[in-house]
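Build the complex from these two chains, which are given one at a time in their own frames, with help from the hints.
Chain residues, written in single-letter form:
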Amino acid sequence: MATRRLLGAVARPLRFSNQPISSLPNFGTLTLRSKLVTFSQSPPSNTLNALAYTSIFRCFSSRTPDYSGSEDDDEEEEDDEGEVEDSCDEEDGSEAGPKLVAQGGKSEAEKLEEAASIGYKVIGPLTPSENPFKPYEPVFAVVQIGSHQFKVSNGDSIFAERLKYCEVNDKLILSKVLMLGSRTETIIGRPILPDAAVHAVVEEHALDAKVIIFKKKRRKNYRRTKGHRQVTHSPSFLQ
Amino acid sequence: MTRVKRGYTARRRRKKIRLFASTFIGAHSRLTRTTTQQRMRALISSHRDRSRKKRDFRRLWITRINAVTREDKLFYSYSLFIHNLYKRQLLLNRKILAQIALSNKNCFDIISNKIIN
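Those protein sequences? They're chains X and G, same order as listed.
Just so we're aligned: 202 in my numbering is position 202 of the first sequence, and the numbers increase by one with no gaps anywhere.
Throughout, my numbering is defined as the position within the second sequence, counted from one, plus 239.
Excised from the complex, chain G in its bound form (with noise of 0.2 Å):
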């Protein structure tokens, strides 16, 4: 075979993971070996974390949701809450929006009062 000096080609190759890690701290970002592997970590994690982020919120949603329902009653939860909200048929109101428990508090407490009687 003639010969074929090798160019660019790694080069370019090194640079565009070059990019992505360039906002990583220390060696992370100047090595090119550990580079690479960090690149390869950082995106494992996105894609893991992509359908965490789903249930993270979910859960936070749920932290909300308890913590506003515990207040003002004794013996109220979470569960209840939801077991309520499906039994009178508001099925859909979902999680994020006890985010209206956030922003409007009197609204929430209006569809409590709602659901329980």
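Looking at chain X on its own, in the form it has when it is part of the complex (with noise of 0.2 Å):
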């Protein structure tokens, strides 16, 4: 397996008003600042269709989010495999909090994208001369991807299973996000936090090393011996 290698990235938390559960109390003057982003981004094609599909990412105005209240569990959570149908990520400003940045974009996918996130992600554009790399800032988050489970930062890079629908140089929105974490504050996911996303830009399809499967009964005159190489999509995360 690869070394990671140090990109800019960012993961995107977002804070909703009764979802998360944060822990510590010093959330009362937060501060938030509202970017304004809009593109429509046509995605590229499914497996084998041309079928182009836009979905639009909107930028509202900050919220105070009430970190004071909501102890309780939120709604019921969802299915542990398959359907996030909607990615709503609402973004927010970002906080005064002493090391943690977060925005995040709002995103009405059409259902379209509903094939594409059941690998719990969302395809975003391809990124012609986009720099989006943010320097590193201290906050992971946690991210599943499939059915596994990877602890991110700005900047790292990752190998994943093959991701379906998925072509190099594709943005990628992680909606399953399980927790975020920084220097001083937690927010834990029940399961999942609703409306944090986190950003990935597919860098390489790769195969594996190659693996020798090699199989022997001894005294049986029984010998097999195969290779194989699986495939793996590395995604960066930026912000």
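Every clue listed holds true.
The calculated DSSO-like cross-link candidates involving lysine-lysine, where the alpha carbons are at most 30 Å apart (straight line), are:
| # | chain 1 | residue 1 | chain 2 | residue 2 |
| --- | --- | --- | --- | --- |
| 1 | X | K226 | G | K292 |
| 2 | X | K216 | G | K292 |
| 3 | X | K164 | G | K293 |
| 4 | X | K164 | X | K210 |
| 5 | X | K151 | G | K293 |
Worth flagging that the hints you see were computed from the coordinates, not collected in a lab.
What follows is the structure in structure tokens.
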């Protein structure tokens, strides 16, 4: 397996009014900045069909989230595997917490993106000339891709299983974020944080190193050799 | 039948095997027959241990979580911790994320406090 390369990336946790559970009590004075970015994308084709679908990212003005209340559980969790229908991410401002800068974008996904989000991702656009890598921030998020969980932070790259409907240089939004943390605060999703999103860019499709599967039964004249290479994607996490 | 010399076929096969076992110690990388045997043993071990690796790591994570959860409290343990996790629908913090317990200990403490209540 390969090593991790450090590129610029950010995890974007989003705070929504009564969803997540935060632990530290110093959130009374959060100042939020709002940022307006709208862009429409035409994500690349699905597996074989050239379906063109657009998802629009909208940004809303900032809200002050409630951190004082909401110790209760959220509504029932979604299913473990499967349909994350709309990746609704609301955009927040950034907090004035000591080391946390959080941003996000809201997307109204069309139904065609359901298929893409089975693996807990949403495809964004290709990035022709954007350089969205932010420098390192000491925030981490726990993200689930398929059935593997990763603890990622700004600028990590990761080897994941093959993700459908993805090509190189695709922006992904991983919508199944389980936890966010930084040096001063943690937000625990139950089981996921409904409005958090982590952005990633698919760096490469690769085959793993070859693995030789060798089976032998002794004294029984039985020997089998097989080789195997697993397909991996490696997304790297940006803002 | 016409006469067929065996030529280089066997040598090429054994060269591949020797390349595989080139870092083995002593006679295991030098003598052909020993080399082939050691190569077979190596491949068998790796095949078996690929499955074992998953088990081993899970054991390691469990021991680590156990150690961390027993630190501060009396009568608290890994089993209670996991039970509380599932009860609180924190369904998806897997054992690998008691690497959080290693790196961000305070986050782990926060999780466990939230879970207990």
